[in-house]
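Student: Chain by chain, the residues run as shown.
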Amino acid sequence: MSFTRRQFIQRGAAVAVAPAVLAAAGKTASSHANPPAIAITPAQWSLIEALAEAIVPGSRSAGLIAFLQRQLANPPEQALLMVRYLGLPVTPIAFYQGLAEQLSAAQDGSATVDAYALQAQMATDSVANWQGLPASLYHFVLRSDGCDVVYGTPAGSKLLGLDYLAHIAPPEVL
Amino acid sequence: MSTQLPTQESCDIAIIGSGPAAALYAARAAEAGRSVVLLEAGPERRLEQLYSSQLWARQLKWGGSPVEEQGNHKVGHVFNSGWGSGGGGMHHYAVYPRLQPSDFSVRADHGHGLDWPISYAQLRPHYDRVQADIGISGDATQEHWRPPGDDYPMPPMPLFAQSRLIATGFAQRGMHTAPLPLAINSRPYKGRPSCQFDGWCDAGCPIGALANPLVTYLAAATAAGAELRCESTVTEVIKDGTGHRLQGVRYRDASGQRQTLLANQVVLAAGTIENSRLLLANQLANSSGLVGSHLMSHPARSIYGLFDQPSEPTLGITGGQLICHDRYHPKRKADDQYGSYQWLIGQAMKPTDLLGIANTRPDIAGAQLDSFMREATQKVGNMVFVAEDIANPDNRVELTGQLDQHGQPLARAVHNISSQTQALVQAATQEGLDIFRAAGVAEPWHGPLIGMHILGGTPIGQDAASSVADSHGRSHDIDNLWIAGGSLFPSSGAVNPTFTLLALADRGANAMLTAR
Chain A
42 MSFTRRQFIQ RGAAVAVAPA VLAAAGKTAS SHANPPAIAI TPAQWSLIEA
92 LAEAIVPGSR SAGLIAFLQR QLANPPEQAL LMVRYLGLPV TPIAFYQGLA
142 EQLSAAQDGS ATVDAYALQA QMATDSVANW QGLPASLYHF VLRSDGCDVV
192 YGTPAGSKLL GLDYLAHIAP PEVL
Chain B
27 MSTQLPTQES CDIAIIGSGP AAALYAARAA EAGRSVVLLE AGPERRLEQL
77 YSSQLWARQL KWGGSPVEEQ GNHKVGHVFN SGWGSGGGGM HHYAVYPRLQ
127 PSDFSVRADH GHGLDWPISY AQLRPHYDRV QADIGISGDA TQEHWRPPGD
177 DYPMPPMPLF AQSRLIATGF AQRGMHTAPL PLAINSRPYK GRPSCQFDGW
227 CDAGCPIGAL ANPLVTYLAA ATAAGAELRC ESTVTEVIKD GTGHRLQGVR
277 YRDASGQRQT LLANQVVLAA GTIENSRLLL ANQLANSSGL VGSHLMSHPA
327 RSIYGLFDQP SEPTLGITGG QLICHDRYHP KRKADDQYGS YQWLIGQAMK
377 PTDLLGIANT RPDIAGAQLD SFMREATQKV GNMVFVAEDI ANPDNRVELT
427 GQLDQHGQPL ARAVHNISSQ TQALVQAATQ EGLDIFRAAG VAEPWHGPLI
477 GMHILGGTPI GQDAASSVAD SHGRSHDIDN LWIAGGSLFP SSGAVNPTFT
527 LLALADRGAN AMLTAR
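So the sequences go chain by chain: A and B.
Okay, so the first sequence: first residue is 42 according to this note's numbering, each after it adds one.
Okay, so the second sequence: first residue is 27 according to this note's numbering, each after it adds one.
Bear in mind the hints are in silico, worked out from the structure with no lab data behind them.
If a hint is listed, it holds; no wrong ones were tucked in.
Computed far set for chain A versus chain B, every beta-carbon distance over 10 Å: (1) Gln110; (2) Ala135; (3) Val154; (4) Pro175.
To be clear about the criterion: a stretch of chain A counts as covered by chain B if any three or more of its residues have a C-beta under 8 Å from a C-beta of chain B, and this derived list gives those stretches: (5) 122-133; (6) 185-198; (7) 205-211.
Everything numeric in this text was worked out from a predicted model, so none of it was measured.
All C-beta atoms in this analysis are idealised placements derived from N, C-alpha and C, irrespective of residue type, glycine included.
For reference, chain A alone in the conformation it holds in the complex (with noise of 0.2 Å):
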């Protein structure tokens, strides 16, 4: 076979619009259960946002949030999220929530959150009373997901200054 870059960037436009909505609405064919709903609060999903800001600027205005959630949606196997690569003993769902928990506990009841100091803290897991699975292992993936969002993607590379110079196209994943 031989195709050219812009004939797989075409196809690529073709094919990618099925798995791409079927991915924002977490009904991606598989073997595998869907997972369970995301206890995470709006008021947690902001701190994670925050957090996220203070590590990677623009990871707000890039839709990290939103791409958080869509990408928990899916069954595990098929999320693009950096938890993924890690082989941790927990979902993405379940990491993400304890991030959000322990995010909750280190405001402890207070109205705002020095965001930047407590990611600082995070990457040297020097955050008091810190439960579970490492600060500094929460801050890579949300560096890494962060990153993502700002960097790792078609807008993002133009950005850089860089060209994409896709075989095919990715779909929109924010």
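Mind docking chain B on chain A? Use the hints.
Tutor: The following block gives chain B in isolation, referenced to the frame of chain A:
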């Protein structure tokens, strides 16, 4: 409402898995006129779904039952395994050096690990045949360390700036580099086009320039009549009354129905961890007690640096552009160091992902991160060493006692590296930093030590007391069970294993097709 009864079919050869080794077995058997069915646990992959994206590339990595990992050097099962038709071959980087003759006799020569029951000379014809089948680009004359073998059928890939820059550091230190041998087309080969050097190998190669199974052996197998059944998870291997032969396999199909497939021969090529898991769960082929043992993973670490001039880091090949085997020999480098290692130089890097540019400096956040990304995506360079692992019986795949959704026991992978290997990788790390300094990088840095490739668990050997399978991968205990893939390796060497596991599969398939 009708009740669907389990069906029972038969074929000549049932193959568990559809990765590179499985696909080669299938192609050889189907082309010989045998009826072949491949049972793949993951989904079907198609070329037009291989999106150029490091995010979408994650779907090609392991998505089956989780593997618990323990030890001081985890094998990285998700990252190092495949999921879906083509298996790990769908995201492999197609770096195809051969093992060295010395890798076949590490126990006899050095007292470490296990020896192979065959020599390099016995495997060489199969390397050559696979090379001719799928095409390799490279320059054999510049690889002065290369063992005997046919010349590469294609010239080497062009070099991009980062490799030219890093190569000056090797030259400054009196070291030699050569074009990386790659199963990627530098010119059209057997109907497949040339590479476009856009650095998307990890996301699969939809144009077919990289020899992933969809365009090589799996394509040949299906063209010759082999049937690929995806989302088909083998749960049981059926023994006959003697215990020395298999009748076939049972599996869950895509709809969850239990199916039985009878077969004259069964090929187990489900990946390193899964091969051991299935044998252990079925208490099969384990008279030696060695199933799951001698698990290996190449210790690997990347070196990074920012050059003063543009380095074109996002272009080229994910696996790299140059290779150096100057440190392959001697294997005993010092009293406290043992093992070979190779340098792979100039990997194409995308902005994000586990091996992407952003994660070369996971310590940077905030405004500094954006500044770093803008500079590094223009000027970073990188290389990685791949070190030999010592086959240790205590490093093993075992069952956890927990069950997956199909009622099958989950696996645990325990892997530690020895103090001699740790000393080796420390020395290699220091050498890498020195090479980058010699190349003009003011402040090079390195990444974490990671596990690259997963090998062992069903080692081949001379007899049933000291190994799981014979030199062809045929079980010592079960006459019609053929094991294939990296799980057969008795020693790891320090090279990327896909070429070798294909050569072994070619040798095994030849034996299977002439076996009674």
